[in-house]
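Work out the full structure, taking the sequences as your base and the hints as a guide.
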Amino acid sequence: MDKKVCAIAGVGPGMGLALCRRFGREGFHVAMLGRTAARLSEIQEQLREEGIECSAYVADVTDRKAVATAFQRIGQDHGAPEVLIFNAFLRRTSAPSLLTELDVLDSVRVNVVGALHCVRQVVADMRYKRRGTILFTGGGSAIDPPVQVAALGIGKAGLRNLCFSLARELAYHDVHVATVTIFDHINPGTRFDPDTIAEEYWKLHVQPRDQWQLEVEYR
182 MDKKVCAIAG VGPGMGLALC RRFGREGFHV AMLGRTAARL SEIQEQLREE GIECSAYVAD
242 VTDRKAVATA FQRIGQDHGA PEVLIFNAFL RRTSAPSLLT ELDVLDSVRV NVVGALHCVR
302 QVVADMRYKR RGTILFTGGG SAIDPPVQVA ALGIGKAGLR NLCFSLAREL AYHDVHVATV
362 TIFDHINPGT RFDPDTIAEE YWKLHVQPRD QWQLEVEYR
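The sequence shown begins at 182 in the working numbering and counts up one residue at a time.
One thing to keep in mind: the hints can contain errors.
To be verified - With a cut-off of at most 25 Å between alpha-carbon atoms, the simulated DSS-like pairs for lysine-lysine come out as follows:
| hint | residue 1 | residue 2 |
| --- | --- | --- |
| 1 | 310 | 184 |
| 2 | 184 | 384 |
| 3 | 384 | 310 |
| 4 | 185 | 384 |
| 5 | 310 | 185 |
What the hints assert, rightly or not - Label pairs and their in silico Cβ distance ranges:
| hint | residue 1 | residue 2 | range |
| --- | --- | --- | --- |
| 6 | 230 | 380 | 15 to 23 Å |
| 7 | 353 | 376 | 31 to 39 Å |
| 8 | 249 | 312 | 20 to 28 Å |
| 9 | 353 | 328 | 38 to 46 Å |
| 10 | 325 | 229 | 36 to 44 Å |
| 11 | 234 | 370 | 22 to 30 Å |
| 12 | 249 | 370 | 36 to 44 Å |
| 13 | 244 | 195 | 19 to 27 Å |
| 14 | 274 | 236 | 33 to 41 Å |
| 15 | 328 | 195 | 19 to 27 Å |
| 16 | 206 | 367 | 17 to 25 Å |
Derived by calculation from the structure, the hints in this document are not laboratory data.
All C-beta atoms, glycine included, are put in the ideal place defined by N, C-alpha and C.
And the structure:
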């Protein structure tokens, strides 16, 4: 357990993979959480071929017990995470006037409650050690909500609010909490290339204490 651990919840082939690469290149052991074992296995194989140490844990972030079990295993296998990145999200297409109660509740369960489940698994250790970084993948829909993805905007707004309040609470314990708020779709080969955006997360992690940012608006 000599390596520092970065736990990333919501790992897929886009932003999640890029974050695994970025922190893995810096010597972190990357503990990946995702809902689908087959997808995690493919990503794990790809990362290992690139020389990145990683492990995979199947958990739905809305399932509190599954998340707790996954983080317990991470701790046993590799040690407590120094970095947590919450990258999970739920996106459904619907205008606000057509939203159902379930649309809204599902968005909040994934985007906000899921984040809270993950935070609760790392925060006690970070407080005790007086160090750590918690980063969230935010969305521009939290600030400028588009009509067609109203539920996502509600969820991302809740996540942003959680991030801001958590940052103020944990700053007293020397734990850096921040969000990278992305204002467009992830698109390789453009300004919104996931590997380019992942660099912003790394910059937040290594920021000196007196320069901590609460939010990076990536436009």
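Violated hints - listed by number, lowest first: none
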